[in-house]
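2 protein chains.
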Amino acid sequence: MSMDTYPITIGKITRHAPLIEPLPGVRIPLVEIMGDVELVNAAAEALMPKVPAETEVLLTMETSPIVLAHVLAAKLNRPYIVVRRRRRPYMENPIIQEVESLTLGVGETLWLDRRMAEKLLNQKVALVSDVVSSGGTMAALERVAVRAGAKVVARLTAFRQGMPKIDVTYVSDLPILQAT
Amino acid sequence: MSMDTYPITIGKITRHAPLIEPLPGVRIPLVEIMGDVELVNAAAEALMPKVPAETEVLLTMETSPIVLAHVLAAKLNRPYIVVRRRRRPYMENPIIQEVESLTLGVGETLWLDRRMAEKLLNQKVALVSDVVSSGGTMAALERVAVRAGAKVVARLTAFRQGMPKIDVTYVSDLPILQAT
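If you're matching them up, the sequences are chains A and B in order. Residue numbering for the first sequence follows the numbering used here, beginning at 1 and increasing consecutively. Residue numbering for the second sequence follows the numbering used here, beginning at 1 and increasing consecutively.
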C-alpha cells in the first residue's frame with residue numbers, strides 16, 4: 001500500500017505524517033506525538049514561553065497528550081493531572097463530563113476521580129492537548145476543570161487543525177486538505 | 001473520609017499510596033505514577049541498569065505506564081511504542097489481543113495498528129509496565145510483540161504486586177494486605 005504523507009514541523013523537528021481520510025473528500029495528516037521523544041520535547045519547548053507564569057497545575061486527558069503534559073510539567077516544575085476516558089475501578093464520586101465531538105463520534109466521556117479533582121480547587125490551570133480540531137474535547141476538559149473549582153488560565157495545544165470553536169494557544173497549524 | 005495509606009519507595013522517592021480494597025478482606029496500595037514526575041524519573045533511573053543492552057525498542061500499553069516508557073526511552077535513546085486499549089479510528093488491520101486479567105475483569109483487549117506493528121518486526125523488545133499483579137496484561141503485551149515478529153528480551157516493571165504468573169524484572173514489591 002502506498003501512502004501519501006504531509007510534512008509537520010515543530011521547532012527543528014519535521015515528521016512526515018501519513019494522510020488519512022476521516023470523511024469522504026477530506027484528508028488530514030495523522031500526527032502522533034506519543035512514542036516520539038524528540039517531537040514531544042520540541043512541542044514542550046515551543047509551548048514553554050506560552051504558558052502563563054501564574055499557572056499552578058497542568059490538566060490533560062487520555063491518551064496521546066499525556067506525554068506532552070508530563071514533559072512540559074517536568075520542564076516547568078509544576079504538577080499535572082490526567083483526566084481519564086474510562087471509569088477506573090478505584091474512582092470514588094468522580095466528575096463525569098460528556099464530550100461533544102465531531103471527529104470522535106458520540107459517546108465519549110471524561111472521568112476525574114474526586115481525589116484528583118480536589119487538587120484542582122482554587123488552582124490556576126493550563127489545559128494541555130496535542131491536537132485541537134473541533135475543540136469539543138478541549139471544551140469538555142475545561143468544563144471538568146471549572147466543575148472542580150479551578151480557574152483556567154490557558155488552553156495549550158501543540159497543533160491546531162482547522163478552526164476550533166474555542167480559542168487555543170498553539171504552536172503549529174495542521175491543514176485540512178481536499179482529497180484528490 | 002479518613003484513608004489509610006502505605007509507604008511506597010523507589011530510589012529516593014517515597015509516596016504514601018492510598019489503600020484500596022479490590023476484593024473483600026484484601027487491601028492493596030493504589031500506586032499512580034502518571035502525574036508524578038519525580039516518581040517516574042526515579043522508576044526510570046532504577047530500571048535503567050536492568051534493561052538489556054541489546055534492547056532495540058520499548059513496548060508499553062495504555063495508560064499509566066506510558067510516561068514511564070517515554071522517560072525510559074528518552075534516557076536510553078531508544079524508540080518506544082504504545083499498544084492501545086481501544087480501537088482508534090485510524091487503525092488498519094490491527095493486531096487484536098485479548099487480555100486475561102483477574103484485576104481488570106473480562107473484556108479487556110489490546111490493539112496495535114499495523115503501521116506500529118511493522119516497526120517491531122525482528123526487533124529485540126523490552127516490555128514496560130508500571131505495576132504487574134496477575135501478569136495477565138503483561139502476558140497479553142508479550143503476545144502482541146511476538147505476533148508482530150519481535151523477540152522479547154525483558155519484562156520490566158516498576159512494581160510487582162504479589163506473585164505474577166510470569167517472571168518480571170521489577171524495582172519494588174507491593175504488598176497484598178489483609179483488611180482489618
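Please keep in mind that the hints were generated in silico from the structure rather than gathered at the bench. All values derive from a computational prediction rather than experimental measurement. All C-beta atoms, glycine included, are put in the ideal place defined by N, C-alpha and C. Don't take each hint at face value.
Claimed, not checked - Taking CB as the label site, the calculated pair distances span: (1) B:I176 <-> A:D167: 17 to 25 Å; (2) A:L19 <-> B:V26: 46 to 54 Å; (3) A:D167 <-> B:R86: 27 to 35 Å; (4) A:K165 <-> B:R86: 42 to 50 Å; (5) A:P7 <-> B:I20: 26 to 34 Å; (6) B:D4 <-> A:L177: 28 to 36 Å.
- Task: Take a look at whether the Cβ-Cβ distance between I176 (chain B) and D167 (chain A) falls inside 17 to 25 Å.
- Result: Given a distance of about 49 Å, which is not inside 17 to 25 Å, the answer is violated.
- Message: Taking the Cβ atom of L19 (chain A) and the Cβ atom of V26 (chain B), is their distance within the range 46 to 54 Å?
- Response: Hint holds: Cβ distance 50 Å, inside 46 to 54 Å.
- Message: Verify the CB-CB distance for K165 (chain A) and R86 (chain B) against the hinted window 42 to 50 Å.
- Response: violated (25 Å)
- Message: A range of 27 to 35 Å was offered for this pair. Does it hold for the Cβ distance of D167 (chain A) and R86 (chain B)?
- Response: Check passed, 29 Å falls within 27 to 35 Å.
- Do the Cβ positions of P7 (chain A) and I20 (chain B) conform to the proposed distance bound of 26 to 34 Å? Taking Cβ atoms as reference, P7 (chain A) and I20 (chain B) lie about 47 Å apart, which means the hint is violated.
- 28 to 36 Å as the expected CB spacing between L177 (chain A) and D4 (chain B), which holds or is violated: violated (56 Å)
The structure is inconsistent with the numbered hints 1, 4, 5, 6, although it conforms to all the rest.
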